[in-house]
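K.L.:
So the chains spell out like this:
Protein chains: 2
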Amino acid sequence: MDKSKKTAVEASINEALRDKKYLKLRNELATLKPADIAEYIMRKESKDRLVVYRILPKELAAEVFAYLDADVQQTLVMSFTHEELSSVLDELFLDDAVDFLEEMPAYVVDKVLAHTDPEQRKILNRFLQYPENGAGSLMTIEYVMLNKNYTVEESIGRIRRIGIDKETVYTAYVTDNMRVLEGVVTVKDLLLAENDEIIGNIMDRNVVAVHTNDDKEKVSEIFKRYDFISLPVIDWENRMVGIITIDDVVDVIQEADTEDFERLAALRPSEKPYLKSSIFDLTKNRIVWLLVLMISGTFVGTLLGIFEDAMLVVLVTFMPMLTDTGGNAGSQAATLIVRGLAVGEITTKDFKKILWKEIRVALLLGGILAAFMFARFTLQYALISREDIGANVYLTAAVVSISVFFVIMISKVVGSMLPLIAKKLKLDPAIMAAPLISTMIDAVSLTFYFGMAKLILNI
Amino acid sequence: MDKSKKTAVEASINEALRDKKYLKLRNELATLKPADIAEYIMRKESKDRLVVYRILPKELAAEVFAYLDADVQQTLVMSFTHEELSSVLDELFLDDAVDFLEEMPAYVVDKVLAHTDPEQRKILNRFLQYPENGAGSLMTIEYVMLNKNYTVEESIGRIRRIGIDKETVYTAYVTDNMRVLEGVVTVKDLLLAENDEIIGNIMDRNVVAVHTNDDKEKVSEIFKRYDFISLPVIDWENRMVGIITIDDVVDVIQEADTEDFERLAALRPSEKPYLKSSIFDLTKNRIVWLLVLMISGTFVGTLLGIFEDAMLVVLVTFMPMLTDTGGNAGSQAATLIVRGLAVGEITTKDFKKILWKEIRVALLLGGILAAFMFARFTLQYALISREDIGANVYLTAAVVSISVFFVIMISKVVGSMLPLIAKKLKLDPAIMAAPLISTMIDAVSLTFYFGMAKLILNI
Chain A
1 MDKSKKTAVE ASINEALRDK KYLKLRNELA TLKPADIAEY IMRKESKDRL
51 VVYRILPKEL AAEVFAYLDA DVQQTLVMSF THEELSSVLD ELFLDDAVDF
101 LEEMPAYVVD KVLAHTDPEQ RKILNRFLQY PENGAGSLMT IEYVMLNKNY
151 TVEESIGRIR RIGIDKETVY TAYVTDNMRV LEGVVTVKDL LLAENDEIIG
201 NIMDRNVVAV HTNDDKEKVS EIFKRYDFIS LPVIDWENRM VGIITIDDVV
251 DVIQEADTED FERLAALRPS EKPYLKSSIF DLTKNRIVWL LVLMISGTFV
301 GTLLGIFEDA MLVVLVTFMP MLTDTGGNAG SQAATLIVRG LAVGEITTKD
351 FKKILWKEIR VALLLGGILA AFMFARFTLQ YALISREDIG ANVYLTAAVV
401 SISVFFVIMI SKVVGSMLPL IAKKLKLDPA IMAAPLISTM IDAVSLTFYF
451 GMAKLILNI
Chain B
1 MDKSKKTAVE ASINEALRDK KYLKLRNELA TLKPADIAEY IMRKESKDRL
51 VVYRILPKEL AAEVFAYLDA DVQQTLVMSF THEELSSVLD ELFLDDAVDF
101 LEEMPAYVVD KVLAHTDPEQ RKILNRFLQY PENGAGSLMT IEYVMLNKNY
151 TVEESIGRIR RIGIDKETVY TAYVTDNMRV LEGVVTVKDL LLAENDEIIG
201 NIMDRNVVAV HTNDDKEKVS EIFKRYDFIS LPVIDWENRM VGIITIDDVV
251 DVIQEADTED FERLAALRPS EKPYLKSSIF DLTKNRIVWL LVLMISGTFV
301 GTLLGIFEDA MLVVLVTFMP MLTDTGGNAG SQAATLIVRG LAVGEITTKD
351 FKKILWKEIR VALLLGGILA AFMFARFTLQ YALISREDIG ANVYLTAAVV
401 SISVFFVIMI SKVVGSMLPL IAKKLKLDPA IMAAPLISTM IDAVSLTFYF
451 GMAKLILNI
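So the sequence lines, in the order shown, correspond to chains A and B. The letter at position 383 of the first sequence is residue 383 when you use the working numbering, and the numbering goes up by one with no holes. The letter at position 125 of the second sequence is residue 125 when you use the working numbering, and the numbering goes up by one with no holes.
These are calculated hints, taken from the structure and not from any lab test. Computed from a prediction, not measured in an experiment: that's the story for all the values here. Any given hint could turn out to be false.
Said to hold, decoys possible - Below are the DMTMM-like pairs computed for lysine to aspartate or glutamate, each with C-alpha atoms no more than 20 Å apart in a straight line:
#1 224(A) x 99(B)
#2 276(A) x 345(B)
#3 44(B) x 345(A)
#4 5(B) x 221(A)
#5 58(A) x 189(B)
#6 224(A) x 255(A)
#7 166(A) x 194(B)
#8 33(B) x 189(A)
#9 33(B) x 182(A)
#10 6(B) x 214(A)
#11 5(B) x 15(B)
#12 357(A) x 345(A)
#13 6(A) x 214(B)
#14 224(B) x 255(A)
#15 188(A) x 142(B)
#16 224(B) x 271(A)
#17 188(A) x 247(B)
#18 166(B) x 247(B)
#19 166(B) x 194(A)
#20 188(B) x 91(A)
#21 5(A) x 221(B)
#22 224(B) x 227(A)
#23 218(B) x 251(A)
#24 224(A) x 259(B)
#25 188(B) x 247(A)
#26 5(B) x 235(A)
#27 224(A) x 96(B)
#28 33(A) x 227(B)
#29 218(B) x 39(A)
#30 188(B) x 153(A)
#31 272(A) x 345(B)
#32 224(A) x 221(B)
#33 188(A) x 167(B)
#34 166(A) x 227(B)
#35 6(B) x 204(A)
Unchecked claim - Under 10 Å between C-beta atoms, here's a sample of chain A residues computed to sit facing chain B:
#36 67
#37 264
#38 303
#39 327
#40 361
C-beta: ideal position from N, C-alpha, C; glycine also.
Next up, chain A with everything else stripped away, as it sits in the complex (with noise of 0.2 Å):
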């Protein structure tokens, strides 16, 4: 549907909340997508949302709640009476309910679960005690199982049975007696198969299955790695608890790759998004880095008030220069290992040649920078404002190349192996963030700056 067909949608359904035309109102909702209603929802004021969800079909109105935020879901949950509770939960995909609950503040659980019935209870609290970065945590329990010895005819039955309430019906999993998974089964397969044919002897034994305890990470990259719609999960005995689908990888992905944006830039990961984050969470995100990358900042001060005697205006002004170049080389360089890590494109094991191609690109960036600094330098103090800058000319425009070109070096080399050596220690490799770096850098090269303008220019 496009923009402007929606939007006319939408200002019917307005006309119709205003106007209390209430079948109206559910008929043109209706025409909507579960997603484009959860968006309506959330733009209106908490009185009409309300009103808007109640008129939902029980079915549709689950998969409207799925697509809320979290403080939406719970004031509404908050105003839902007995029945609407239990329906909810009833309707909802158990992976959608446990996502649900996993946001709530602790006594809205217990409103919640005090409204299910006991096995249902069972299940939602053994999936909400998963670890939160673990495939359990990913799983829903709503998947097609079909035993080795049915038929494809019988097969195609039990799907017709049972599919509804199925989150896929795509793919089948086969097992044994004990619900050990021995195959997988594609309905393709099942509609491209004669229908007396044994479904063990058609299925795909060569299964990609996790464990409960795997990392979300493990499961992303098997979703890329296979281009999979679902994935099967099991127990340390190999019998099926769950499945996988992709629309939750896509989630996965998209929050991995957000930590890593957030802990480039020296940023604490937080889950809430920017404009639902208070003042007082954005603040608490910052301030750690900044306050450590501050103090250390300092201390490369001191560092330099060894130099005192060396520190001629001329050298202090390129001081920016220097430092900013410093940084940005090296952040250029541990983006590119961090990122490449992250997509699986290096390893490691890769460490070596990430070394030595480093060091080959230092040496082309750092000469040809080092040489446009030396013509700069010379241009402006030599040629055009012919200043007295209180040292040799030519001997001070080395002394600033030379350092440039030392720190493209000292920041490639660094930026580069910090992530790798934080993978190898099993950290984040982004905690390296591209900042610390910075500092590190700066410590370094501003040191070597001074200490060369000592040695060269004798001061």
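We have chain A already, so just place chain B on it with the hints.
P.N.:
For chain B alone, kept in the frame of chain A given last:
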């Protein structure tokens, strides 16, 4: 399959290859997934690659081919016979064939197209002309189309007949006699409906579709929003031209994130994996920004020249702290905004909310950091070292900490607003790379710093 099992299979494949036991080789390979066979081939010497590839059954060979890196595809293709080339093109899904051709140099494309029949060549040429950033370039034509007048039984029959070569059979597209898209129906719907029901009555008329020229980002947003497995592509008369499947969209999301990472780190985005990029490519992608930023950095210095008389050594030693803090604070804000825009959490319309939020965060952060800095400064110079810094210690501490406060304020505002301005001007927000922001902030904040020193310390 777990790692140890995989290593065992690989050892056995290596053995069969070495001993030229081709039947065993073929059987062992068949136990691996196409993605794993491709990885195995890429790890081998070139002469072994062709042997392993040739032993694969035709259909599996095409699947494996799609997973190979472009350079390996190219060397294989150059060794292919006429028959092998035709066969791989016949078996590849159209989108994989187009992806492959797009990566090849012109002479390889010519060789390949010379081996296709005229009809296939026409389709390939049309697809190769779709703009690289558009929905058309992600599209495939292997989908199931149903006429709205079919019954459920006829439809299932049709899927059974023609489904085998289709990339997905799980969503079928329902059209009128002129191929105009009218609705979608999933295999799940078909399996759950009565056999004699007419498709036109059970199809979902509320179809989301994209046009061939819509850009990739729009496509990936739709997939993320609605949790689709596939999406129809239509022309300007609403006629079906192809579909996009979710596995290709996962790659789009990842590529877009990689580009943002690169832009934020002042790198020119590149499509080549790090380890496959030459030294010259890497240098080329880094040099421009480094050069621009280095030269701008020297102007920051020149600006400082006017404060020559205010340059107490103690003030100079706090310069790195000040510029680093500004850079870090700015890149924190910029990263949150760039990421928020990318995942659709914020839009340019939110700019007032964001500005107000950042100002309050900056007040808090700036206050805390300035207090720390005042304490650290007076602790060192009034209590511990007691050295003569050439000015009143408390006034100098005030200059440094007021500057810290100012730097935080200016960098949060600039860092959050520049990406929004870029977006408004229809530029990539990540192009307002954190380093560019740092250089701007350096200039403003160092001028403020030495200006304050002149004013407060009367030097």
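K.L.:
Holds or violated: residue 166(A) and residue 227(B), Cα atoms, limit 20 Å.
P.N.:
15 Å, holds
K.L.:
Tell me if the straight-line CA distance from residue 5(B) to residue 15(B) falls inside 20 Å.
P.N.:
16 Å, holds
K.L.:
Does the interface hint hold: is residue 264(A) within less than 10 Å of chain B, judged Cβ to Cβ?
P.N.:
Hint on residue 264(A): holds, closest Cβ of chain B at ~7 Å, below 10 Å.
K.L.:
If you draw a straight line from the CA of residue 224(B) to the CA of residue 271(A), is it 20 Å or shorter?
P.N.:
17 Å, holds
K.L.:
Starting from residue 224(A), check that the Cα of residue 255(A) is at most 20 Å away, please.
P.N.:
15 Å, holds
K.L.:
Hey, does the residue 303(A) contact hint survive, CB to chain B under 10 Å?
P.N.:
With a closest approach of 8 Å, the residue 303(A) hint holds.
K.L.:
Against the 20 Å threshold, does the CA-CA distance of residue 188(A) and residue 142(B) hold or violate the hint?
P.N.:
With a Cα-Cα distance of about 14 Å, the restraint between residue 188(A) and residue 142(B) holds, given a limit of 20 Å.
K.L.:
Does the structure keep residue 6(B) and residue 204(A) at a Cα separation of 20 Å or less?
P.N.:
Given that 20 Å is the threshold and the Cα spacing comes to 17 Å, the pair holds.
K.L.:
Return the status of the interface hint for residue 327(A): holds when the least beta-carbon distance to chain B is below 10 Å, violated otherwise.
P.N.:
With a minimum Cβ separation of about 7 Å from chain B (threshold 10 Å), the hint on residue 327(A) holds.
K.L.:
Is the straight-line distance between the alpha-carbon of residue 272(A) and that of residue 345(B) 20 Å or less?
P.N.:
10 Å, holds
K.L.:
Please work out if residue 188(A) and residue 247(B) have their alpha carbons no farther apart than 20 Å.
P.N.:
17 Å, holds
K.L.:
Hint check: residue 218(B) vs residue 251(A), CA-CA at most 20 Å. Holds or violated?
P.N.:
17 Å, holds
Comparing the model with each numbered hint stated earlier shows that all of them hold.
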